[in-house]
Amino acid sequence: MKEKKSVSKILMVMHKDDNVAVCLRALNPGETISFQYADANMQLKTMDPIPLGHKVALKDIQLGKSIIKYGEIIGKATKEITKGQHVHTHNVTDFS
Amino acid sequence: MKTEFLGYQRKDGGIGIRNYVAVISAMDTVNPIAGKIVDLVKGTVLITDLFGRKLAGFNHEIRFRSLVGLGQNPNVGAAIVISLHRPSAMPIAEAIGKNGTDVEFIAFQELGSTLKCIEHGMRFAVKMVKKLSDQKRQSFPLTNLKIGVECGGSDFSSGISGNPAVGNASDRLLESGGTVLLSETPEIIGAEHVLAKRAVNSRVAKKLLNTVKKMEALAIKAGFSDIRSSNPSADNIKGGLTTLAEKSLGAILKAGTKPLIDVLDYAEPLPTQPGFYFMHTAAPACESLTGLAAGGVQLVVFNTGLGNPIANPVTPTIKVTGNPHTVKKSTDDLDLDLSAIITKGLSIEKAGKTVFEEILKVANGKMTFSEIVELTQSTISVVGPSV
Numbered sequence: 002m003k004e005k006k007s008v009s010k011i012l013m014v015m016h017k018d019d020n021v022a023v024c025l026r027a028l029n030p031g032e033t034i035s036f037q038y039a040d041a042n043m044q045l046k047t048m049d050p051i052p053l054g055h056k057v058a059l060k061d062i063q064l065g066k067s068i069i070k071y072g073e074i075i076g077k078a079t080k081e082i083t084k085g086q087h088v089h090t091h092n093v094t095d096f097s
Numbered sequence: 006m007k008t009e010f011l012g013y014q015r016k017d018g019g020i021g022i023r024n025y026v027a028v029i030s031a032m033d034t035v036n037p038i039a040g041k042i043v044d045l046v047k048g049t050v051l052i053t054d055l056f057g058r059k060l061a062g063f064n065h066e067i068r069f070r071s072l073v074g075l076g077q078n079p080n081v082g083a084a085i086v087i088s089l090h091r092p093s094a095m096p097i098a099e100a101i102g103k104n105g106t107d108v109e110f111i112a113f114q115e116l117g118s119t120l121k122c123i124e125h126g127m128r129f130a131v132k133m134v135k136k137l138s139d140q141k142r143q144s145f146p147l148t149n150l151k152i153g154v155e156c157g158g159s160d161f162s163s164g165i166s167g168n169p170a171v172g173n174a175s176d177r178l179l180e181s182g183g184t185v186l187l188s189e190t191p192e193i194i195g196a197e198h199v200l201a202k203r204a205v206n207s208r209v210a211k212k213l214l215n216t217v218k219k220m221e222a223l224a225i226k227a228g229f230s231d232i233r234s235s236n237p238s239a240d241n242i243k244g245g246l247t248t249l250a251e252k253s254l255g256a257i258l259k260a261g262t263k264p265l266i267d268v269l270d271y272a273e274p275l276p277t278q279p280g281f282y283f284m285h286t287a288a289p290a291c292e293s294l295t296g297l298a299a300g301g302v303q304l305v306v307f308n309t310g311l312g313n314p315i316a317n318p319v320t321p322t323i324k325v326t327g328n329p330h331t332v333k334k335s336t337d338d339l340d341l342d343l344s345a346i347i348t349k350g351l352s353i354e355k356a357g358k359t360v361f362e363e364i365l366k367v368a369n370g371k372m373t374f375s376e377i378v379e380l381t382q383s384t385i386s387v388v389g390p391s392v
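First to last, the protein sequences are chains W and L.
The opening position of the first sequence corresponds to residue 2 in the working numbering, with each subsequent residue numbered one higher.
The opening position of the second sequence corresponds to residue 6 in the working numbering, with each subsequent residue numbered one higher.
Don't read these hints as lab results, they were simulated from the structure.
One should not assume that every hint holds.
With a straight-line cut-off of 30 Å between C-alpha atoms, the simulated DSS-like cross-links for lysine-lysine are [what the hints assert, rightly or not]: (1) L:K334 with L:K349; (2) L:K349 with W:K84; (3) L:K334 with W:K17.
Some residues of chain W that are not near chain L, with every Cβ distance over 12 Å (derived) [claimed, not checked]: (4) M15; (5) P30; (6) E32; (7) Y38; (8) K46; (9) Q63; (10) G65.
Cβ coordinates follow ideal geometry from the N, Cα and C atoms, glycine included.
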């Protein structure tokens with residue numbers, strides 16, 4: 002098992018198919034964050050304040066589309082979600 | 006990868022990672038007497054019961070199966086069953102003895118006094134501890150190692166650090182031929198379809214989905230609000246969990262990714278075929294841990310977000326957390342600090358390897374905090390009213 006150099010991570014992406022990531026510290030709007038996504042280095046700019054442990058959109062997510070975490074559907078977007086926005090109960094509903 | 010561990014051979018083919026003498030109280034009236042015997046004899050563990058003979062039917066079956074399962078756990082080399090009278094002690098003792106475990110029963114009303122019960126219990130316990138302490142550990146393949154995976158006090162860290170790391174260790178054990186047992190039916194609601202997809206056949210998938218349906222019906226009947234609409238809780242939402250599926254997916258991660266072989270009822274003995282199993286239990290830690298121990302796991306890995314001190318008396322329990330604040334607050338209780346996943350970008354693979362290595366160390370005899378300080382409790386589920 003190869004181990005990349007340990008770096009302080011800000012976002013935790015749980016699965017390569019996910020369109021959200023978990024913030025490992027509270028983020029302010031307008032921060033530019035680098036993250037690893039499917040082995041590529043990517044960036045996003047935060048659009049909202051996002052508390053520790055909450056989710057940020059890694060991509061634009063259209064109304065009614067699935068929110069994916071752990072490679073599984075965890076809910077549906079109830080609004081258009083833009084990359085860098087806070088993803089939570091205000092813009093997501095349970096899919097069931 | 007290591008493929009063996011050191012344990013104690015049992016007559017029924019099971020392998021213990023400890024060599025305990027279990028003192029089992031089969032009625033609340035004699036719990037204190039059982040406790041005195043354990044206080045006075047090193048090498049014994051205490052299993053108490055809160056309800057005893059007032060239970061009937063379904064609840065009586067659960068309780069009987071649980072006490073017998075605890076007495077037959079591979080970590081138990083000998084057992085004493087104590088109760089108020091013969092009819093409540095002897096059947097349990099006889100059932101435990103069927104797998105070859107040395108067992109004795111004590112009926113208070115026959116011996117007639119507390120001091121006589123303590124003396125009788127001590128004599129047997131001392132004899133058994135002497136015998137068992139002379140048994141040597143031998144090397145066995147990991148196909149004989151069965152672990153339970155538990156989480157409690159879950160928070161934002163659980164689903165992104167502790168649980169995935171424990172899940173990685175679960176996969177390592179399953180790939181080495183071992184057994185992993187997941188429990189807590191209420192905690193899989195919302196992700197049961199994901200687990201059902203991993204079932205080895207449609208019978209097992211249906212069994213899992215029916216187990217969830219029964220639990221939901223029971224919750225409503227018992228006066229709880231609907232589990233689906235009351236979860237995630239306000240605290241969960243504040244911590245960043247948005248939906249029930251998200252919460253439950255985070256919980257099932259700790260059992261790894263392998264096929265689900267079967268679904269067991271509460272305290273039902275694990276089949277001999279190794280692999281990944283689910284056991285129906287309630288969510289509170291003591292009840293769940295008691296079900297796992299009665300099912301025959303030798304060890305539990307317990308991931309806690311906010312902290313939780315408890316373990317079952319017969320199963321050494323490795324406490325882990327990925328929450329850096331909890332590491333600072335409850336250092337004493339923790340056996341493994343996984344907070345580097347969050348603070349230093351430690352990979353899940355590396356963290357999982359650490360958990361797996363700790364499992365082998367504890368299997369080989371390394372003591373966990375809850376064992377050293379004896380932070381243990383056995384609690385058998387009671388479902389519905391008892392008379």
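Each hint tested on the structure:
1. A distance of roughly 19 Å separates the Cα atoms of K334 (chain L) and K349 (chain L); the hinted pair therefore holds under the 30 Å criterion.
2. Restraint check for K349 (chain L) and K84 (chain W): the C-alpha separation of about 25 Å stays at or below 30 Å, so the hint holds.
3. Restraint check for K334 (chain L) and K17 (chain W): the C-alpha separation of about 34 Å exceeds 30 Å, so the hint is violated.
4. With a least CB separation of 6 Å from chain L, M15 (chain W) falls inside the 12 Å interface cut-off, contrary to its annotation.
5. Distance check on P30 (chain W): its Cβ is at least 17 Å (rounded) from any Cβ of chain L, clearing the 12 Å threshold; non-interface status holds.
6. With a least beta-carbon separation of about 17 Å from chain L, E32 (chain W) lies farther than 12 Å from that chain, consistent with its non-interface assignment.
7. Residue-level check passed: Y38 (chain W) sits 14 Å from the nearest beta carbon of chain L, beyond 12 Å.
8. At roughly 20 Å, the least C-beta separation between K46 (chain W) and chain L is larger than 12 Å, which holds for a residue marked as non-interface.
9. For Q63 (chain W), the non-interface assignment is confirmed: its Cβ lies about 17 Å from the closest Cβ of chain L, beyond the 12 Å cut-off.
10. Residue-level check passed: G65 (chain W) sits 15 Å from the nearest beta carbon of chain L, beyond 12 Å.
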